[in-house]
Amino acid sequence: MAACRTLKISSRRYLGSKYKLLPFIQRIVEEECKNIHVMVDIFSGTGVVASAFQGKMTVTNDILYSNYICNLAWLGPETYREEVIRKLVEEYNSLDGNEENYMTENFADTYFSRQDCGKIGHIREDIEAKFKAGQINERERAILITSLLYAMDKIANTCGHYDAYRKGVKFEKSLELLLPLPEKHNNENNKCFNRDANELVREIEADLVYIDPPYNSRQYCDTYHLLENVARWEKPEVEGVARKMDRTALKSDYCTSNAAKAFEDLVDNIQARYILLSYNNMAGKGNERSNAKITDQDILRILGKKGEVQVFSESYKAFSAGKSRISGNEERLFLCKCFEKKKEYIQSPMNYIGGKYKLLPQILPHFPSDMKVLVDLFCGGCNVGINADCKKVIFNDSNSRLIQLYREFKKRDKEEIFNYIEKTITHYCLSKSSEYGYDRYGCASSTGLGSYNKEKYLQLRSDFNSRQQDSPDYYLMMYVLLIYSFNNQLRFNQAGEFNLPVGKRDFNARMEKKLSRFLHRIKNRDYTYVNMDFRRFPLEDMEKGSFIYADPPYLITCATYNERSGWGEQDERELLEFLDRAHKLGLKFALSNVISSKGRKNDLLLQWTKQNKDKYKVIHLDYHYANSNYHTKDRAKKADEVLVINY
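Mapping the sequence shown onto the working numbering, position 456 (from 1) lands on 499, and the numbers just tick up by one.
For the record, the hints were derived by calculation from the structure and aren't laboratory data. Keep in mind it's a predicted model, so treat the numbers as computed, not measured. Backbone N, C-alpha and C define an ideal beta-carbon position, used for all residues, glycine too.
Label pairs and their calculated CB-CB ranges:
1) K587 - H563: 25 to 33 Å
2) G611 - E540: 20 to 28 Å
3) P408 - Q613: 29 to 37 Å
Using the sequences provided together with the hints, build the complete structure.
What follows is the structure in structure tokens.
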């Protein structure tokens, strides 16, 4: 059996592809856009532009499922097995195609020979069967379909696209699948969508949003209907000489007189620091179908509302189905540097002891403006990391359940999370004051809902403690328990059981809003969650420009994290040594701590700052934790909260 030839993302012919313009696009981004960590390609097509941002978090979207599949193959976060793909591609190339199936019945001797249609139908059916049987994962399925689509496009009997096929021709080429070899380990936060761009843009945020919409009246679903049909594999009826399926739901406003209106709606709802638009200058130069649908005046007006606009141009050869010669064609990049919005801090849905939400206005201005990666070393409730002006954050905590909860939040759809919470509340008949108020439960806001929820909460707690950590929905159930627990905190006893009593509050409107905003943020940033002791954190592997924020348990406080020798002098000493090592490696850090509290002094910290007074700066913050402990007697006495920085 012959070895497979390989395939690149740029190997596919595609209308409006920006592959040849990548150096131009990359140059403008590198020269004009700072600190790009999250890039969204909202009309991604084949994904070639997004692929130029390899290593960063990329979000691709296209209304065509065939393009979504290709984006998932090349840029998806899931890993794949090369040996499995290679074996199946070799098997598919050995088929003879002598069978009847959907493809032979509808497309034999049109765009492809009868024999190749037999192969295409068999291959596509087999890919789907293997995926449903669990023999291949979602990305492996996408890679195999991508290989098939590229192979079809290579031999299709067309004049370039699938608007029509040439009749009576001899089929000289036969189907041969090539082996795609995308990166095995793309950024774990990459996302691929198959959505309407104007709907999706309302739900995402990024550093850079790249827009490459259709320019003229040519609908992509008309041009690539056959590839879309095979990618979806819903086996619809087809009609007409071109054998097209129903494409009504795939039509784009950007190909109609509504293009400017659609573009304005898109831009108005973008949440990004930069918007980069590709749009050529064909208006009025070609035939009516080729002419651009959005005028330069509209582009500049619409982008100008959003920020400061610059225009860059590059000569190119325009696509033309005929033989017309149109001179002076340019591909333009309209770069909009968006106006800054007033920063609104997002509060964690976890009431984590020592959380820094109220201190953010004092802490964050001291963070470096050029940090490329932020390490939130003791992340706790994540208040600092999610509000820092850095979209690539590593959240670390030694609490494995906490990190697993965040991973679950990031992995699951927002709607799925809220549905689970609602379902669990209903199942245990817990209160829902945001819908029914306090009177329904015989309670008042001043005294809380504990008396109504107590027995129901204890049943929920008992059911949760009987579960294994690897059981489905374990962490979402833990979060519901946390919502109804005392002070909304996360605490387990030495036996591994959640042991907090019932609390006064429930999943009220404020908690819903906090969770919703938190989920939106973590799903739209390049965030990674790791679970390790800080001593094992690989400082030597950190890239240049990394910044470490450390908010450890405070040695001289009596918070619950210091119970059962949770944090002692040896831990404090080793953390200070860790930060010294980071400094020697050229890494910037900031340490939150207290020098004195309730008559006690942190002598280790005092001695360390004095020894390093020429290297480290101590910033005293104006805040105390009077409201953080129900048992504090002297609430007026301030702790000396400090931020120690080495820059």
